[in-house]
Amino acid sequence: MTENIKDLNLPDFHIVIPARYASQRFPQKLMADLGGKPVLQWVYELALKAGAQSVTVATDHVVIEKAALAFGASVVMTRADHENGTERLAEVAAKRGWSSNEIIVNVQGDEPFLPVALIHSSVQALNQDQEAEMATVACAIDQVEDFFNPNVVKVVCDEKQRALYFSRSPMPWDRDGFANNPGKTGFLPVDFPALRHIGLYVYRASLLAKYADLPMSPLERWEKLEQLRFLHQGIKVQVAIADGLPTHGVDTPEDLEKLRHQLSLDSI
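Reminder that position 151 of the sequence shown reads as 151 in UniProt numbering, one-by-one numbering, no gaps.
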């Protein structure tokens, strides 16, 4: 693994795992058992494989802190009033004293099977675009049904693979093609410009330092998509392209059962 990471010629980077104890849809999900260990431990162990300079669990709850310390994680206790994971990352970056050019990856605590390759590709994407202050990941959309699904966030990019806009709505609109497909079913052409956003974010520490001063944008308020705050401020967001959609994380008890079933099949 180490030799492969060195071959990628990655810059130095840090991983922070924001870990909330409470969740509206699935309370205490990070502590839920998955194959004999908590979901959060799976995430921490995959993060270790990415070859980061440091991996930190950021939480405001003593239960998370105690569990993370028990499986050997480095933990930073943060304030309890953060509205999102980005704010929690910003506090960790400030407490760690990371310099403005440091690269910091936000790995969600409920993504136990996130491919390490996505972390690498997003770090590389940001490192190669010196004008961008953050990066994220997207993959192709194949089915028209996904394109029209408001739960599937779409992103379109410019010729430098920077995000132009994120939306829950179908975009761009294929005026002629959709006019001939009123049923909104079937497959999209391989060259269709809309991509499916995958919620993995990489930041320069300098952006996190000023995040608290960035007001919520009207677009963010309508779409309920935090990344629109950055685009509204003219911040360049580089988009790495994944080969496909990774395994879904743990949002609900049903998601957890699916992952448990997947593990049981893998062990056969």
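Careful: at least some of the hints might be erroneous.
Below, simulated BS3-like cross-link-like pairs (lysine-lysine); rule was C-alpha separation at most 30 Å, straight line [what the hints assert, rightly or not]:
hint	residue 1	residue 2
1	210	184
2	49	184
3	66	184
4	236	258
5	160	224
6	210	236
7	258	210
8	66	37
9	236	95
10	95	184
11	37	49
12	160	95
13	210	95
14	224	236
15	49	236
16	258	184
17	258	224
18	258	37
19	37	160
20	210	160
21	95	66
22	95	37
Hints were generated in silico from the structure; no laboratory data involved. Treat the numbers as computed from the prediction; the structure is a model and nothing was measured.
Right, here's what the structure says about each hint:
1. 210 to 184: Distance ~42 Å between residue 210 and residue 184 Cα, so the pair is violated.
2. 49 to 184: At roughly 41 Å apart (the allowed maximum being 30 Å), residue 184 and residue 49 break the hint.
3. 66 to 184: 49 Å, violated
4. 236 to 258: It is violated: about 36 Å lies between the C-alpha atoms, which goes past 30 Å.
5. 160 to 224: 26 Å, holds
6. 210 to 236: 15 Å, holds
7. 258 to 210: This hinted pair is violated, its Cα atoms lying about 39 Å apart.
8. 66 to 37: 14 Å, holds
9. 236 to 95: Holds. Residue 236 to residue 95 sits at ~26 Å (cutoff 30 Å).
10. 95 to 184: 49 Å, violated
11. 37 to 49: Cα-Cα ~17 Å, so holds.
12. 160 to 95: 34 Å, violated
13. 210 to 95: Given that 30 Å is the threshold and the Cα spacing comes to 15 Å, the pair holds.
14. 224 to 236: Cα-Cα ~19 Å, so holds.
15. 49 to 236: Holds. Residue 49 to residue 236 sits at ~28 Å (cutoff 30 Å).
16. 258 to 184: With Cα atoms ~28 Å apart, residue 258 and residue 184 stay inside 30 Å; holds.
17. 258 to 224: Measuring from Cα to Cα gives roughly 27 Å; hence the hint holds.
18. 258 to 37: Status holds; Cα separation ~16 Å.
19. 37 to 160: Violated: residue 37 and residue 160 sit about 42 Å apart, past 30 Å.
20. 210 to 160: 25 Å, holds
21. 95 to 66: 20 Å, holds
22. 95 to 37: 29 Å, holds
In the structure shown, a violation is registered for the earlier hints numbered 1, 2, 3, 4, 7, 10, 12, 19, in ascending order.
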